[in-house]
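Colleague: Sequence:
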Amino acid sequence: MTKPVYIASLHRPFNQQLKPSKWVCIFLEALNKSIPSSEILPEFYYYLIQTLNKEYQKELPEVFNGLPSDVAIKNIWDHIHKINNKKKFLSELPNIINDRKTAIDKQIYSTYKAASYYLNLAKDKFNLISSKNALTANGKALLDIKSNFFRISQREAAFYFERILEVDFHLFITHCLFIKLGSKYNLKSVVGEQSEFINYYLKIKHFNFTSSSLSNYNVVRNSWVESLNVLDAKFNLRRKYTDIIKSNIQFNAWYNELLLLFKKFENEGFKQKMAFVKRKDIFLKIYKQRLKNDKNDLGFINLHNIKGEMRISAENFQKFLVEFYESEKKIRNIYFSNTVNSIDTRERFYIRNRPVIKIKIKDK
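Residue numbering for the sequence shown follows full-length UniProt numbering, beginning at 1 and increasing consecutively.
Hints are computed from structural coordinates only; laboratory data are not their basis. Treat each hint with caution, since some may be false.
Taking CB as the label site, the calculated pair distances span [what the hints assert, rightly or not]: (1) Gln289 to Lys106: 30 to 40 Å; (2) Lys146 to Pro36: 26 to 36 Å; (3) Ile331 to Arg100: 37 to 47 Å; (4) Glu315 to Thr345: 37 to 47 Å; (5) Asn127 to Ile104: 48 to 58 Å; (6) Thr345 to Leu284: 22 to 32 Å; (7) Ser327 to Gln289: 34 to 44 Å; (8) Lys280 to Asp99: 45 to 55 Å.
Derived pair list, reagent style DSSO-like, types lysine-lysine, alpha-carbon separation capped at 27 Å [claimed, not checked]: (9) Lys113 to Lys82; (10) Lys58 to Lys146; (11) Lys278 to Lys184; (12) Lys203 to Lys188; (13) Lys101 to Lys19; (14) Lys88 to Lys188; (15) Lys188 to Lys278; (16) Lys88 to Lys101; (17) Lys319 to Lys273; (18) Lys132 to Lys101.
The beta-carbon is built from N, C-alpha and C at its ideal position, and this holds for glycine as well.
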């Protein structure tokens, strides 16, 4: 397995928008002089507030996810205008950010944080800016593409797709594959399965933590997928993007290797797991319907009645019942009983070597 290429950390929501990385490049080009690292963030922040204040008066973005609100920008620019001295405002910034006493202080802090992530995306993630805070070849290439201030053009989409692949190939393409997988199996969420694939197949132990963290990163990557229009109606990569992959020897090698791993993951255990999930949904639906319509013994339903409706053999039902209990016991209270009101000579099922014939389920 090739050493995976991925971005280890993304910020939701401030990394969701790709276009701000271009604004950083525009800022540096307009600056037209070298700038030390200690000054680039506050200088870019001032430029960002000033520029967004002008642009928001012309038009508003279609979505604000990861962008400062027009209200916040207006409030901050009015505050700066009252000070009427850029140097004085920038000198006050550290105290404002540290103290955050007033409402305007908090707005300044939030937008300053956003600016820092925009700068990070351009410099540390996409390599549009060098370590010396100068435009790289990629940064200059991005500036050569003319486009709307907020909207990404088709040429920019291709540009950003390549930049993403250079630094986040394995997790970005994996995310696209799992979007397709979720649609194929009609799943509301595949983050657990995605985490398993990343951990055991890609061998990225960095993500061996809570699913919620991966979920946040997925929100960012999904925003990139949507803003670049990467997937077609059937959730496959659009041809123009597969052409980009195929035209690059390294990308193509990674892609083919990743597809083989993904196919192996789906065939080795995922399909079996999905069969269980489907069977579990049917089981619970029948249980709830029986609970509603049948005369039941304090919420207990006869397992043979459920098995009959599921149209499954006793052997397969026994296997399912054991798997259901072991996988669901942490999130549900599951009770079994072997007592019946009348003589029932039908065979019993076994849970941990205990004969059972009825079940009662309650969510915790």
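Colleague: Next step is simple, just say for each hint if it's right about the structure.
Modeller: Each hint, compared with the structure:
no., hint, result
1, Gln289 to Lys106: 30 to 40 Å, "52 Å, violated"
2, Lys146 to Pro36: 26 to 36 Å, "31 Å, holds"
3, Ile331 to Arg100: 37 to 47 Å, "40 Å, holds"
4, Glu315 to Thr345: 37 to 47 Å, "19 Å, violated"
5, Asn127 to Ile104: 48 to 58 Å, "35 Å, violated"
6, Thr345 to Leu284: 22 to 32 Å, "27 Å, holds"
7, Ser327 to Gln289: 34 to 44 Å, "22 Å, violated"
8, Lys280 to Asp99: 45 to 55 Å, "53 Å, holds"
9, Lys113 to Lys82, "22 Å, holds"
10, Lys58 to Lys146, "18 Å, holds"
11, Lys278 to Lys184, "13 Å, holds"
12, Lys203 to Lys188, "25 Å, holds"
13, Lys101 to Lys19, "31 Å, violated"
14, Lys88 to Lys188, "51 Å, violated"
15, Lys188 to Lys278, "13 Å, holds"
16, Lys88 to Lys101, "19 Å, holds"
17, Lys319 to Lys273, "13 Å, holds"
18, Lys132 to Lys101, "35 Å, violated"
Comparing the model with each earlier hint shows violations of hints 1, 4, 5, 7, 13, 14, 18; every other hint is respected.
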